[in-house]
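Visitor: So you can see what is in the structure, the chains are spelled out below.
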Amino acid sequence: MSDKTNIYKPIRAKLLKVITESPTIKTFIMEPEEEFSFKTGEFIELTVDGIGEAPFTPSSSPLETKQIEVTVMKTGYVTEYLHNMKAGETLGIRGPYGRGYPIEKFYDKEVIILGGGCGFAPIRSLLYNLAAVSDKLRKVTLCYGSKTPDECIYKPYVEELKSTPKFEVLRTVDIADDTWTESVGVATVLLDKIKIDIKNSIAVCCGPPIMMKYGTIRFLELGYKDEDIYLSMEKNMSCGLGKCGHCMMGEYFVCKEGPVFTYNEIKHNPAIWE
Amino acid sequence: MKNFYSLLYPDWNSAIDKLLANYSIYAPVKTGETLDYEIIDSENIAEITYNIPKPTTPLKTFFLPIKENLTSKFNSKSKKIIIGTPNCDIQGLKIQDEIYLDKDYIDTTYKEKRDNTILIASSCFETQEHCHCMTYAIQPFPKEIADISISRVDTRMHLEVLSEKGEIFISELKNYAAVSNSPESEIKDIELKQSKIENEITENNSGLPDYKKTGKIVQKAKEEIWNKYSSKCVSCGACATICPTCTCFLLIDKPNFEKVRQLDACQYPGFERVAGDEDALGELPKRFKNRYFCKYVWKPQKFKSLVCTGCGRCIEACIGKINKNELFRELA
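Sequence order for the protein chains is C and B. 58 is the number that our numbering gives to position 58 of the first sequence; each next residue is one higher, with no gaps. 236 is the number that our numbering gives to position 236 of the second sequence; each next residue is one higher, with no gaps.
Here chain C stands alone, though its shape is the one from the complex (with noise of 0.2 Å):
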């Protein structure tokens, strides 16, 4: 866990791998030099040694407590900085910080989860979450959107995931190739192939600000409630520790009473999906 008697101050990690999951998208393995656990959907602020820091929900276990993986889109000044990193290096981290999701809820529903592009990253963790409590749930559908095929990451997991009893995948690409087979559409076109007992489901929406918004317009349209569907915000989280304010969303601080919302809990706030 992170330094008590100073809640700024990051542990220490070292880069073990990394993987290039896409063009642009690079995970990374990293070993934190102290007892460091999280549990999914919580995130935590990753220091590149002088440059800077940024938040990143992890995209490993939570179950898994010597490594932790973190999947990072080169987007800016951080990530860039990131993506040329090598393993060996140390980077920094601390928190865990937020709420993240609360798999008691899921249990007895089915879990209709939305991602789009990077979003996969949370949503990874929560699905090995979920793999370890399958026991407990009806059944747990993705349904994934990328921009185009080389973009869709994890392609080794979603073969997995396949084969898991209970688990279904579905994947959409916006711009298709001829190796293509799957959908194509945004990410929402999959909510329409797929069969959902509603009263018994949960939704779960991971994704770029434009899909999280229609994403929640279709559940809501099929007619899920506006406490069953969770969304996992993104906003500047800075300290991660409700303090230096540039994550606040209405009367919410992202960093301390999200990331993970539900739908029901930030509505009336029309600037959500800004």
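Treat the hints with caution; some may be incorrect.
[What the hints assert, rightly or not] Reference excerpt, derived from the structure (chain C facing chain B, CB under 10 Å, subset only):
{"hint": "1", "residue": "L16"}
{"hint": "2", "residue": "E45"}
{"hint": "3", "residue": "D49"}
{"hint": "4", "residue": "E53"}
{"hint": "5", "residue": "Y97"}
{"hint": "6", "residue": "S238"}
{"hint": "7", "residue": "F253"}
Everything labelled a hint here was simulated from the structure, so no lab data went into it. Ideal placement from N, C-alpha and C gives every residue a C-beta, glycine not left out.
Since chain C is already given, all that's left is putting chain B on it; use the hints.
Guide: Using the frame of chain C, we list chain B on its own:
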């Protein structure tokens, strides 16, 4: 009265001189037209100004400096006495304490500074043009949070003890000066002055919506209002920098995993920018509106403390001459 102690002004001054051996002491000193905290030494003790409204710099700066390394130990353990803080600033500490001493994540750098500081706040016996603490039910004299409330009446200083730390300070003070209980008549004098100022501030701000109304006003305000008032804003962030309750910050990374905190302001472009350049507050009117929602709607839902204490500094500091009270009066 048990909690009121009194000593002669010259004795108080010589006691300060002796206290300088153990404490760094800061107090308001008037330089030309400017009143601000100065480091007190033997030479300027007599220049300390008592019982007048706010120094230019808000009290928060002592506990949340503009820039500070949070991972290297510097001088946060040095003991300080801050004299002459008005109640608007003292009340501003409440929200800071709620955020920085939040039991889930105690900010030890902040806590050390709070623990090592004796706050000798002061009653206001004067008011300034933009003072409006009473609108938000904050009296112009401290009764809590600070350790001592100080008043100068003619040749005597009166120290009202407000905390245990204040009680300990009085014991220490007794080593350096003859301290007695304040006579009832002089306490009455102080109370009369306090109530005169209360009335004056209330009268000066009649019709200004109170804290129960401001939130609803902000929520109901149409976009045209934000566009109109923000049209004069240049995103300089002075309003937030000078505000006793604005405490947002940026974490800056330095080599060897060091973290530096630098005060930030939601009025600066990029405050909410995330990876991929999505920025919910990218447009100026949105940033401007955000500050009002933060102060009058969101933080009041989230915290017990007030997030505007009516000090009026944001009005004085604005180079675009934006007056938030004009906005509230227009919409009242």
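Visitor: Take the hints in turn and mark each one as holding or not.
Guide: Hint check:
Given hint, L16/C at the interface with chain B, is violated; its Cβ is 19 Å from that chain's nearest Cβ, farther than 10 Å. Interface hint status for E45/C: upheld, as the beta-carbon distance to the closest one in chain B is roughly 9 Å, under 10 Å. Nearest Cβ of chain B to the Cβ of D49/C: about 6 Å, under the 10 Å cut. The hint holds. Of the supplied interface hints, the one on E53/C holds, with its beta-carbon coming within about 6 Å of a beta-carbon of chain B, less than 10 Å.
A distance limit of 10 Å between C-beta atoms decides the matter here; for Y97/C the minimum to chain B is near 9 Å, and the interface restraint holds. For S238/C, the shortest C-beta to C-beta distance to chain B is roughly 6 Å, which falls under 10 Å, so the interface hint holds. For the restraint placing F253/C at the interface with chain B, the shortest Cβ-Cβ distance is roughly 8 Å, inside the 10 Å limit, so the hint holds.
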